[in-house]
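> Here is how the chains run, residue by residue.
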Amino acid sequence: MHNLQIPLGSYHPLMKDPEHFKIYLQDGKIVDTDLFIGYNHRGIEKLAEMKTYDKLPYLIERICGICSNAHSSAISRAVENAAGIEPNKKARYIRSVVAELERIQSHLLWFGTQSHSLGFDELFKDSLTCREHPLDLLEKISGSRIHYGLSEFGGTKKDITPEKQGVLKKELGEIRALTEAMKEDFSSNEQYTHKLENIGVLSKKKAGEIGVVGPVAKASGINLDMRLNGVNGAYSEIDFEAITRKKGDCLSRTEVRLDDIIQSIEIIEQLLPIPKGKHRGKGRIEIDEPIKTIGRAEAPRGENFHYLHAGKKKPLRLRIRPPTYANFMCLHEMAMNGKIADAPAIVISIDPCFNCTDRMCVIDLDENTEKVRTFHEIVEGKDKDA
Amino acid sequence: MPEDTSKREVWIYHINTSGCNGCDIELLASILEKYDSRPFDIKVANYPEEAEVVMITGHINWNNMNAVKEEMNKTPKHRKIMALGNCGISGGVFKGSYNEAGPIDKLEEVDMYIPGCPVKPEAILNALSELVDPENSFKLREPKLSENYRGEHNHYQEKCIYCGECARSCPSNAIKVDREKKEWAVDLGKCLFCGRCEEVCPTDAISFSNNFDMYKKEREALWSKGKNNESK
Ligand code: SF4
Ligand code: SF4
Ligand code: SF4
Numbered sequence: 001m002h003n004l005q006i007p008l009g010s011y012h013p014l015m016k017d018p019e020h021f022k023i024y025l026q027d028g029k030i031v032d033t034d035l036f037i038g039y040n041h042r043g044i045e046k047l048a049e050m051k052t053y054d055k056l057p058y059l060i061e062r063i064c065g066i067c068s069n070a071h072s073s074a075i076s077r078a079v080e081n082a083a084g085i086e087p088n089k090k091a092r093y094i095r096s097v098v099a100e101l102e103r104i105q106s107h108l109l110w111f112g113t114q115s116h117s118l119g120f121d122e123l124f125k126d127s128l129t130c131r132e133h134p135l136d137l138l139e140k141i142s143g144s145r146i147h148y149g150l151s152e153f154g155g156t157k158k159d160i161t162p163e164k165q166g167v168l169k170k171e172l173g174e175i176r177a178l179t180e181a182m183k184e185d186f187s188s189n190e191q192y193t194h195k196l197e198n199i200g201v202l203s204k205k206k207a208g209e210i211g212v213v214g215p216v217a218k219a220s221g222i223n224l225d226m227r228l229n230g231v232n233g234a235y236s237e238i239d240f241e242a243i244t245r246k247k248g249d250c251l252s253r254t255e256v257r258l259d260d261i262i263q264s265i266e267i268i269e270q271l272l273p274i275p276k277g278k279h280r281g282k283g284r285i286e287i288d289e290p291i292k293t294i295g296r297a298e299a300p301r302g303e304n305f306h307y308l309h310a311g312k313k314k315p316l317r318l319r320i321r322p323p324t325y326a327n328f329m330c331l332h333e334m335a336m337n338g339k340i341a342d343a344p345a346i347v348i349s350i351d352p353c354f355n356c357t358d359r360m361c362v363i364d365l366d367e368n369t370e371k372v373r374t375f376h377e378i379v380e381g382k383d384k385d386a
Numbered sequence: 001m002p003e004d005t006s007k008r009e010v011w012i013y014h015i016n017t018s019g020c021n022g023c024d025i026e027l028l029a030s031i032l033e034k035y036d037s038r039p040f041d042i043k044v045a046n047y048p049e050e051a052e053v054v055m056i057t058g059h060i061n062w063n064n065m066n067a068v069k070e071e072m073n074k075t076p077k078h079r080k081i082m083a084l085g086n087c088g089i090s091g092g093v094f095k096g097s098y099n100e101a102g103p104i105d106k107l108e109e110v111d112m113y114i115p116g117c118p119v120k121p122e123a124i125l126n127a128l129s130e131l132v133d134p135e136n137s138f139k140l141r142e143p144k145l146s147e148n149y150r151g152e153h154n155h156y157q158e159k160c161i162y163c164g165e166c167a168r169s170c171p172s173n174a175i176k177v178d179r180e181k182k183e184w185a186v187d188l189g190k191c192l193f194c195g196r197c198e199e200v201c202p203t204d205a206i207s208f209s210n211n212f213d214m215y216k217k218e219r220e221a222l223w224s225k226g227k228n229n230e231s232k
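Heads up: the protein sequence lines correspond to chains A and B, in order.
Here the first sequence is numbered in the numbering used here, starting from 1 and rising by one per residue.
Here the second sequence is numbered in the numbering used here, starting from 1 and rising by one per residue.
Hint data in this document are derived by calculation from the structure and do not stem from the laboratory.
Watch out, some of these pointers could steer you wrong.
As the list claims (entries may be wrong) - In silico BS3-like links for lysine-lysine, alpha-carbon gap of 27 Å or less:
| hint | chain 1 | residue 1 | chain 2 | residue 2 |
| --- | --- | --- | --- | --- |
| 1 | B | Lys216 | A | Lys183 |
| 2 | A | Lys51 | B | Lys106 |
| 3 | A | Lys170 | B | Lys144 |
| 4 | A | Lys282 | A | Lys314 |
| 5 | B | Lys43 | A | Lys125 |
| 6 | A | Lys313 | B | Lys225 |
| 7 | B | Lys176 | A | Lys46 |
| 8 | B | Lys176 | A | Lys282 |
| 9 | B | Lys69 | A | Lys158 |
| 10 | A | Lys125 | B | Lys225 |
| 11 | A | Lys46 | B | Lys95 |
| 12 | B | Lys159 | A | Lys282 |
| 13 | A | Lys195 | A | Lys206 |
| 14 | B | Lys34 | B | Lys182 |
| 15 | B | Lys176 | A | Lys51 |
| 16 | B | Lys144 | B | Lys216 |
| 17 | A | Lys51 | B | Lys34 |
| 18 | A | Lys169 | B | Lys144 |
| 19 | A | Lys169 | A | Lys89 |
| 20 | A | Lys313 | A | Lys51 |
Unchecked claim - Only some residues are given here: those of chain A computed to face chain B with a beta carbon under 10 Å:
| hint | residue |
| --- | --- |
| 21 | Leu47 |
| 22 | Ile85 |
| 23 | Asn88 |
Note that the structure is a prediction, hence the values are computed from the model and not measured.
Ideal Cβ positions, reconstructed from N, Cα and C, are used throughout, including at glycine.
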């Protein structure tokens, strides 16, 4: 009846994101968890203090290769707030379209990763193949599949011409068909849903206490979506509601994200046609008085929060609170009293993005010599002899 | 050895060392069927001992320096190393950070550098084929690039006034301009392909070609004087 300690997917520079969870087992039940992050720390907040405002968005969007627009539009908002300018109407529409395309590709990537980790490689392939569509659309709009470089203060750099809007509309139809098919495959696959149902439950009360954001909050029944607060983009001009579920288990989180994809498609369809007018803003900007502002955006994983203490030409201090940072804290709650075999599903279900989070942590890592297990090995039950 | 009609297998081992994940995802995408018109099969190795080609993304920070060293020591002697993306090559936009211990070529000799931020999946495949099978080096069909795509720079000497505005505006200090000698060069190993230089140039002397195959075997060769008159 001894305590067993299992490091889960412990840090190794492998294909998967660097992460280190320690799980303490007693009688086959998870009794405690520990989390170590920081292996991806690049010092971006400090680097930001060395960049003038015109160079800043290029650095900030490279925080993360999955939600780069969420970061660059949040920092644009923060700087715009500091300088007292408002983005023009067309730019707000373009930002929203790009943000939704980004959400689609991010959720598809997540669904692929979850399917792969739980051993459903067919869906992994389908999902990633479908993901090429939004990526190609993004390249069509911005010139790059991942870091779009669209951010400007008060506007965006590239226009979505009517001709491109036509392509967008057609491609969206395709993405929708593929996603619907995938959803169907998923919900009819009992083996798959069984691995998620009633696993890692996070009650609404707990979710509120911990302060989770994004799809994790929505799956626990909290109606929280920054798009509805009108902090960024053109969402106030269209009609939609946040997708929520009540149960708060891994299955709900999967459903919320899959429905989010469809909703994002609908949102873009509502945003089209993009109003005519000027889309360009300013690249270079100067701020008269040092001022403290914030910028927010709904990233695919939840609310992305940038606090900016703006100096004249450069930030004096920038603090970034990405969504995964808020969501990490609920892992302990979800995993407690569960089985070790469910741990990977739980971790994946919050869609952790370590690149966003690993910016501000002091790490005290005691070397663990136990054999390291990947998610895959645990799901397949190879940890039995541990 | 009997003739093997099936595709040649290439075992790659991927090390992610604190990049932004962009290149890692593009590497993942390059394994997709969409890009499958190649004469070899990519296999992802789970253990460093199996590696034929090691692919490194990210600029290596002090937290994972030791782990990278350990992993590299476990890889076989004859393995090749590929540095992916500008942060894998030079640190890119993260250059100058207090937590920068890399890039990889401080530790090991790199066999192939693939610029890009992120790298194009097609570029990874072309570079891989050049590396493992140089005799019948094979190129993927020209991918359909969008007209906005930013590849290697075009630089029109007849237009350039060597004012240095592009160099001053570049977020990762990739451009060198020498007014006296009238020389202009960009370090593709540092460039983010962000488009800022094209935007600020007062005489439109810079544009972007659609050349994404910028991989080179030597670091120095990544300095480009820009293509000229390459159509968009
Ligand atoms: S090169 Fe660019 S896209 Fe690739 S990992 Fe580095 S920052 Fe990300
Ligand atoms: S900004 Fe244009 S004109 Fe000036 S040095 Fe650069 S390329 Fe030449
Ligand atoms: S595209 Fe131009 S401005 Fe941007 S990083 Fe490259 S050289 Fe610098």
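> Need the list of violated hint numbers for this structure, in ascending order.
The structure breaks hints 1, 6, 9, 10, 14, 17, 22 and 23; every other hint is satisfied.
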